[in-house]
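Q: Sequence:
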Amino acid sequence: LYDLSEDTSRKEWLNDWLQFMHKIGKPVTRIPIMAKQVLDLYELYRLVVQHGGLVEVINKKLWREITKGLNLPPSITSAAFTLRTQYSKYLFDYECHRHNFSNIADLQAAVDGNKREGQEQQTFQQQLNNVLNAVSTKHVFNKFGLDFTKENDGEQQQQYLNLTPTIFNLPSFYSSNNDLNNFK
Numbered sequence: 001l002y003d004l005s006e007d008t009s010r011k012e013w014l015n016d017w018l019q020f021m022h023k024i025g026k027p028v029t030r031i032p033i034m035a036k037q038v039l040d041l042y043e044l045y046r047l048v049v050q051h052g053g054l055v056e057v058i059n060k061k062l063w064r065e066i067t068k069g070l071n072l073p074p075s076i077t078s079a080a081f082t083l084r085t086q087y088s089k090y091l092f093d094y095e096c097h098r099h100n101f102s103n104i105a106d107l108q109a110a111v112d113g114n115k116r117e118g119q120e121q122q123t124f125q126q127q128l129n130n131v132l133n134a135v136s137t138k139h140v141f142n143k144f145g146l147d148f149t150k151e152n153d154g155e156q157q158q159q160y161l162n163l164t165p166t167i168f169n170l171p172s173f174y175s176s177n178n179d180l181n182n183f184k
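Per full-length UniProt numbering, the very first residue in the sequence shown carries number 1; after that it's consecutive.
Keep in mind that the hints were calculated from the coordinates and are not lab data.
Each residue gets a CB set at the ideal place from its N, CA and C atoms; glycine is no exception.
Hints should not be assumed to be uniformly reliable.
[Stated by the list, open to error] Taking lysine-lysine and the DSBU-like style, the derived pairs with C-alpha atoms no more than 35 Å apart in a straight line are: (1) K60 with K36; (2) K36 with K23; (3) K61 with K36; (4) K61 with K23; (5) K11 with K68; (6) K26 with K11; (7) K36 with K26; (8) K61 with K89; (9) K89 with K60; (10) K68 with K26; (11) K26 with K89; (12) K68 with K23; (13) K61 with K26; (14) K60 with K23; (15) K60 with K11; (16) K23 with K11; (17) K23 with K89; (18) K11 with K89; (19) K89 with K68; (20) K36 with K68; (21) K36 with K89; (22) K11 with K36; (23) K60 with K26; (24) K11 with K61.
[Unchecked claim] What follows is a set of in silico ranges between Cβ atoms, one per label pair, in the way DEER data are often shown: (25) A105 with E6: 36 to 46 Å; (26) Q19 with S78: 15 to 25 Å; (27) D7 with A109: 29 to 39 Å; (28) D112 with E6: 39 to 49 Å; (29) V38 with D93: 16 to 26 Å; (30) D93 with I33: 36 to 46 Å; (31) H51 with A105: 35 to 45 Å; (32) S75 with K11: 24 to 34 Å; (33) R64 with G25: 27 to 37 Å; (34) I31 with E6: 31 to 41 Å; (35) H22 with N100: 32 to 42 Å; (36) P73 with N100: 14 to 24 Å; (37) H97 with T77: 12 to 22 Å.
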């Protein structure tokens, strides 16, 4: 990390950070690697602090900007997770000590909120995919006597909405293999 630049402020920061980590019982024995290069913890810290600290970066989803600032390739799909993890491990305690932007409870709330949001989006996307896969087959509608060829047929649409949970269980529609062959 010292060799990445001749900048004296970098060296002063590194000295202070390493002393702090040793003092709190978390001596730094390894430097993380990302995209086959040393992760510049000084620059990561500087960028995150510029944006208001780790909790703000998580809540405002600013990892793409942080990734760009670190000159990491945009092809790294796990950049946000990896940077958050490395920052939490190596830099969050120091951020709290120096800037007091947030605390561990704020961080946990931000991470939990981010996870919940991701799960909700994933669940919705999975449900949407299931519905689209189910409704794209004409025989499913025929099995329930539904015909969507009529425009604005609210009653038919309401019947479909009432049957949506049943549509997810497609195999139970068929009484025999012949039933499946009729729709091919």
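Q: Decide, hint by hint, whether the structure agrees.
A: Verification of the supplied hints:
1. For a cut-off of 35 Å, the pair hint linking K60 to K36 stands: about 27 Å separates their Cα positions.
2. Proposed proximity of K36 and K23 is supported: the alpha carbons are some 30 Å apart, at most 35 Å.
3. For the hint pairing K61 with K36, the CA-to-CA distance comes to about 24 Å; that is within 35 Å, so the pair holds.
4. The hinted pair formed by K61 and K23 meets the criterion: a straight-line CA distance of about 32 Å does not exceed 35 Å.
5. At most 35 Å may separate the alpha-carbon atoms for a hinted pair to count; K11 and K68 meet this at roughly 23 Å.
6. This hinted pair checks out: K26 and K11 have alpha carbons roughly 19 Å apart, not beyond 35 Å.
7. Distance hint between K36 and K26 is fulfilled; the C-alpha atoms sit about 25 Å from each other, no more than 35 Å.
8. At roughly 19 Å between alpha-carbon atoms, K61 and K89 fall within 35 Å of each other, so this suggested pair holds.
9. Our distance criterion of 35 Å between C-alpha atoms is met by K89 and K60, whose separation comes to about 20 Å.
10. Of the pairs offered as hints, the one joining K68 and K26 holds, with about 29 Å between alpha carbons and a cut-off of 35 Å not exceeded.
11. Between K26 and K89 the CA atoms are separated by roughly 9 Å; this keeps the pair inside 35 Å, and the hint holds.
12. With a C-alpha separation of about 32 Å, the suggested pairing of K68 with K23 holds against the 35 Å cut-off.
13. A hinted pair counts as satisfied when its Cα atoms are at most 35 Å apart, and K61 with K26 qualifies at roughly 28 Å.
14. Between K60 and K23 the alpha-carbon distance is near 32 Å, which keeps this suggested pair within the 35 Å criterion.
15. Of the supplied pair hints, the one linking K60 and K11 holds, its CA atoms being roughly 30 Å apart against a limit of 35 Å.
16. In summary, the hint linking K23 to K11 is supported, as the alpha carbons are separated by about 18 Å, within the 35 Å threshold.
17. The hinted pair formed by K23 and K89 meets the criterion: a straight-line CA distance of about 15 Å does not exceed 35 Å.
18. Note on K11 and K89: the hinted pairing holds, with a Cα-Cα distance of about 20 Å set against a maximum of 35 Å.
19. Distance check on the hinted pair: K89 and K68 sit about 21 Å apart at the alpha-carbon level, within 35 Å; holds.
20. At roughly 16 Å between alpha-carbon atoms, K36 and K68 fall within 35 Å of each other, so this suggested pair holds.
21. Taken as a hint, the K36 and K89 pair is honoured in the structure, with Cα atoms around 19 Å apart against an allowance of 35 Å.
22. For the hint linking K11 to K36, the alpha-carbon distance of about 23 Å falls within 35 Å, and the restraint holds.
23. Proposed proximity of K60 and K26 is supported: the alpha carbons are some 29 Å apart, at most 35 Å.
24. At roughly 29 Å between alpha-carbon atoms, K11 and K61 fall within 35 Å of each other, so this suggested pair holds.
25. As the Cβ distance of A105 to E6 is approximately 39 Å, the hint placing it in 36 to 46 Å holds.
26. Distance hint for Q19 and S78: a CB-CB separation of about 31 Å, inconsistent with the stated range 15 to 25 Å.
27. Look at D7 against A109: about 35 Å separates their beta carbons, and that is inside 29 to 39 Å.
28. Take D112 and E6: their Cβ atoms lie about 41 Å apart, and the range 39 to 49 Å holds.
29. Distance hint check: the CB atoms of V38 and D93 are about 20 Å apart, consistent with the given range 16 to 26 Å.
30. Checked against the hint of 36 to 46 Å, the pair D93 and I33 fails, with Cβ atoms roughly 21 Å apart.
31. A beta carbon spacing of about 20 Å between H51 and A105 contradicts the range 35 to 45 Å that was offered as a hint.
32. The hinted range of 24 to 34 Å is satisfied by S75 and K11, whose Cβ atoms lie roughly 32 Å apart.
33. Evaluation of the 27 to 37 Å hint for R64 and G25 yields a pass: the beta carbon distance comes to about 34 Å.
34. Separation of I31 from E6 is about 18 Å and departs from the stated range, judged on CB atoms against 31 to 41 Å.
35. Distance hint check: the CB atoms of H22 and N100 are about 21 Å apart, inconsistent with the given range 32 to 42 Å.
36. Between P73 and N100 the Cβ separation comes to about 34 Å, which falls outside the hinted range of 14 to 24 Å.
37. Between H97 and T77 the beta carbon distance is about 32 Å. The supplied range of 12 to 22 Å is therefore violated.
The structure does not agree with the numbered hints 26, 30, 31, 34, 35, 36, 37 stated previously, though it agrees with the rest.
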